[in-house]
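Chains U and H, in that order, are what the protein sequence lines are. Under our numbering, the first residue of the first sequence is numbered 1, with each subsequent residue one higher. Under our numbering, the first residue of the second sequence is numbered 1, with each subsequent residue one higher.
Since the hints were made in silico from the structure, they are not lab data. These numbers were taken from a predicted model, which means no experiment stands behind them. Virtual Cβ for every residue (Gly too), placed ideally from N, Cα, C. Some clues are possibly wrong.
What the hints assert, rightly or not - Here are the simulated distance ranges between beta carbons: (1) U/L160 to H/S213: 56 to 66 Å; (2) U/L68 to H/F344: 35 to 45 Å; (3) U/P130 to H/D224: 52 to 62 Å.
To be verified - Think about it this way: if two alpha-carbon atoms lie no more than 20 Å apart in a straight line, the pair counts; the simulated DMTMM-like pairs of lysine to aspartate or glutamate are: (4) H/K352 to H/E172; (5) H/K268 to U/D180; (6) U/K90 to U/D180; (7) U/K285 to H/D152.
In case you want the letters, here they are:
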Amino acid sequence: MSVILQLLNVLPAALLAGVSAGGQYALIALGYTMVYGILRLINFAHGDIFTVAGFVMFYAVTAMPVYLAIPVTILLTVLLGFTVERLAYKPLRSAPRMSVMISAIGVSYLLQNLMWYITGGQPQQYPVIPWISDKIQIFGQETKRVTVITPLLTVALILLLLVLIKRTKLGLAMRAASRDFETARLMGVKINSVISMTFVIGSFLAAVGSFLFFSNYSTVSPTVGTMPGLKAFVAAVFGGIGSIPGAVVGGFLIGICENLIRAMGYSTFSDAFTFALLILVLCLKPTGLFGEKLEEKV
Amino acid sequence: MKKANRTILTGLGAIALLTVVSVGAEALAGSVSGLSIMLAVLKKATVYSLLAVSMNLLNGFTGLFSLGQAGFMLVGAYTYAILTIPVAKRAGVYQYYDGGVVQFSLPEMFSGVLGGTVGPVVGMVAALLVCGALAAFFGWLIGLPVLRLKSDYLAIATLGFAEIMRTFIQFEGFAPLTNGSNTLRQYTTFKHLYPYVIVVGICILLLVLLVNSSYGRAFKAIRDDEIAAEAMGINLAKHKMMSFVISSFFAGVGGGLMAMYTSSVQAKGFTAAMTYEILLMVVIGGIGSITGSILASFLFIGCSEWWLRFLDDSANNIGGMKLLAPGFRMVVFSVIVMIIVLFFRRGIMGSKELPDLFKKRQGKEGTR
Numbered sequence: 001m002s003v004i005l006q007l008l009n010v011l012p013a014a015l016l017a018g019v020s021a022g023g024q025y026a027l028i029a030l031g032y033t034m035v036y037g038i039l040r041l042i043n044f045a046h047g048d049i050f051t052v053a054g055f056v057m058f059y060a061v062t063a064m065p066v067y068l069a070i071p072v073t074i075l076l077t078v079l080l081g082f083t084v085e086r087l088a089y090k091p092l093r094s095a096p097r098m099s100v101m102i103s104a105i106g107v108s109y110l111l112q113n114l115m116w117y118i119t120g121g122q123p124q125q126y127p128v129i130p131w132i133s134d135k136i137q138i139f140g141q142e143t144k145r146v147t148v149i150t151p152l153l154t155v156a157l158i159l160l161l162l163v164l165i166k167r168t169k170l171g172l173a174m175r176a177a178s179r180d181f182e183t184a185r186l187m188g189v190k191i192n193s194v195i196s197m198t199f200v201i202g203s204f205l206a207a208v209g210s211f212l213f214f215s216n217y218s219t220v221s222p223t224v225g226t227m228p229g230l231k232a233f234v235a236a237v238f239g240g241i242g243s244i245p246g247a248v249v250g251g252f253l254i255g256i257c258e259n260l261i262r263a264m265g266y267s268t269f270s271d272a273f274t275f276a277l278l279i280l281v282l283c284l285k286p287t288g289l290f291g292e293k294l295e296e297k298v
Numbered sequence: 001m002k003k004a005n006r007t008i009l010t011g012l013g014a015i016a017l018l019t020v021v022s023v024g025a026e027a028l029a030g031s032v033s034g035l036s037i038m039l040a041v042l043k044k045a046t047v048y049s050l051l052a053v054s055m056n057l058l059n060g061f062t063g064l065f066s067l068g069q070a071g072f073m074l075v076g077a078y079t080y081a082i083l084t085i086p087v088a089k090r091a092g093v094y095q096y097y098d099g100g101v102v103q104f105s106l107p108e109m110f111s112g113v114l115g116g117t118v119g120p121v122v123g124m125v126a127a128l129l130v131c132g133a134l135a136a137f138f139g140w141l142i143g144l145p146v147l148r149l150k151s152d153y154l155a156i157a158t159l160g161f162a163e164i165m166r167t168f169i170q171f172e173g174f175a176p177l178t179n180g181s182n183t184l185r186q187y188t189t190f191k192h193l194y195p196y197v198i199v200v201g202i203c204i205l206l207l208v209l210l211v212n213s214s215y216g217r218a219f220k221a222i223r224d225d226e227i228a229a230e231a232m233g234i235n236l237a238k239h240k241m242m243s244f245v246i247s248s249f250f251a252g253v254g255g256g257l258m259a260m261y262t263s264s265v266q267a268k269g270f271t272a273a274m275t276y277e278i279l280l281m282v283v284i285g286g287i288g289s290i291t292g293s294i295l296a297s298f299l300f301i302g303c304s305e306w307w308l309r310f311l312d313d314s315a316n317n318i319g320g321m322k323l324l325a326p327g328f329r330m331v332v333f334s335v336i337v338m339i340i341v342l343f344f345r346r347g348i349m350g351s352k353e354l355p356d357l358f359k360k361r362q363g364k365e366g367t368r
C-alpha cells in the first residue's frame, strides 16, 4: 500500500520528465527510422551527429549571440549529416548491407575521436538558452520550461514531417524509394537527392533534439550521445523501424517507462529495461508495432 | 598425412616459434630504452587477436552479425578477477563490502596442492577456462531468444544484451560478488608476454581446427545461403547456437586475458565502442580470414597505440602549426580505418589465409 502511495506522489513529476525525455528520443529516433526506411541501414553515426550538434552549440555561443547560434548550429549539423552520407554511404550504394553498416560504425568511431581531439576530452558546460531554461512551476513541481516545451515542439515537428511526407513531391519520392529502390529510380526519382534530403531532415531533427536534451542534461562530452542514440534506436525498432508514427510512439513509451522505473527507485535498471524491452519486442514481433512485414526470397 | 593432423603440427610449430620470438621481443624491449611500449602493444595485440578471431567465427564464418562481444568479454574479465584475487588482498579490494563473498583464490588453491611454481599457473589457466565456460553459458542463454533474428536485428539485440550485462554487473545487489561499480584489482596475472602467446595460440589453433572441420563447413554453408544450407540438411538452429556459444567461450577467455593485461577491471569500460573496435579489426583483416584477423589486430593496436604516437606530441609541430595535439593520432587513425572500410572492402586478406598465399605462388612456379 505504501508503495502505491509513494508512487502516486512521484507520478506527476516522473510522467512529466518521461514525456519530455520521450520527445527527445522521438526526435532522434525519426532520423534512424527514416534512413532505415529508405536505405535499410542502421545509421550508427546518428547518435554522434547529435553529440556534434551539442558541441557546435557550445562553441557557437562563444562567438555569437544565442539567437544566431541556434540557426548556425542547425545549419552545420545538417551539413555534417549531408557530408557523412555523401562520403561514407554513397560509395557503398551497391555493396552488401553489412558493409554500409560497418561504414556507419567507422563514421561513429571517427566522429568520436574527432570530438575528443577538438575538445581535449573534457566534458563542457552546455550554454544556457534563455527562456527555455527558465524555471517554472507545474503540478506543484519546479522544473525547467524546456520540459514542457519538448513534447509540444516534438508533436509540432512530427506533424510538419507527416505533411511533408504525405503531401509534397519530395515526400512522395521518399515513400516510393522506401517501397522499392530500383523501381523508384526507373520512374525518374532522383534517388541520390532523395537520400540526401532524408539525411538533412534527420540531422535537422537531431539538432533540435540536442537543444532540448542538453538544456536538460547540461554537460556535453564526446560519448554522451551514445546512450540516447541507442535508446532512440530502440524506440525506432520498438515502433517498427521505417515507420514514423512507430518511432514517435516508441520514443514516448520508452521515455515514460524509463522515468517511472527511476521514480520507483530502480534507476540502475532503467537502461537495462530499455534493452530488455527491445529484445522482448524483437522476439515477439520482430518488425515492431507498426513495422512492415519482411519476406525472405529464395 | 591427414589434413587435420598437418594443421595441428603446423599450428603447434607456429606457436613454439612465436613463443621463442616473444621471449626475444621481451628481452629486447627490456634492454633497449624507448621500446618498453612495444611489450605493452604486443600483449594487447595478442589478446585482441583472440577476440577478433572469435568474432570472426560468428561474423565471418557463420554470417551471424553479432555485436555482443563486449558483454562476453565483461563476463570473462570479471570471472577471472573474482577468482584470482589473493585472499589476503580481498579486504582491500572489496573495502565497501567486507571483503566480498568469494573467499578463495584459484591460483592459491592450486599452489597449495601443486607447489609454488606450477600451482599458480595451473590456477590461472583454470580460471581462464571458467571464464570461457561462464561466457559460453551466457552465450547459450542469450542465443536462445536472439538467434532467431536476422542480420541487423540480431546485431541490435546482441548489442542490447551487452548493455544489459554491463548494468547488471554494476548492480548494488551483486556488489559483494562483483564489487559493484568499483574496480577489481590486485589479482594474479601473467608477468611475461609468452604465456599470453601460448594461451592465445592454442585457442586460435582450436578455432582453426573447428573452421576446417565438417562443422566449419556447415557454418560457411549457413553464411552463404541459409535456405540452401537448410535444404542440404544442416540444422540451422543447432549450428548457429554452436557457433554463438563457441565464439562466446573464446570471447570470455579473451576477456580474462584482457583483465590480466589491464591489471584492473571496471564494468563501465566494456562499452559498445569496444565491440566496434574489434569489429573494425575483423573487417580490416578480411571477413572470413583467421590469419587476416590476427594480422589486423597487431596492425590496429600497433598503429593506434604506438606508431602514430608522434602525432599526439605538440612538440613535433612544424612551422607554428597547431595541428598536432593529444587525440590527433586517433583522428588520423580513424581516417585510415574509414579509407580501408570504403575502398578496400575485402580487407588485407579477403577470405584467404596466410598459407594460401604461399600455395598459390608455389603453384605458379610449378606451371612455369
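Hints, verified against the model:
Against the hinted window of 56 to 66 Å, the Cβ-Cβ separation of U/L160 and H/S213 comes to about 58 Å, which satisfies the hint. Our hint of 35 to 45 Å for U/L68 and H/F344 holds, since their Cβ atoms are close to 43 Å apart. For the pair U/P130 and H/D224, the beta carbons lie near 60 Å from each other, so the given range of 52 to 62 Å is met. A threshold of 20 Å between alpha carbons decides the hint, and for H/K352 with H/E172 the separation of about 47 Å lies outside it, so the pair is violated.
With a CA separation close to 42 Å, the supplied pair H/K268 and U/D180 exceeds the 20 Å bound. With a C-alpha separation of about 18 Å, the suggested pair U/K90 and U/D180 falls inside the 20 Å cut-off, and the hint holds. In summary, the hint linking U/K285 to H/D152 is supported, as the alpha carbons are separated by about 15 Å, within the 20 Å threshold.
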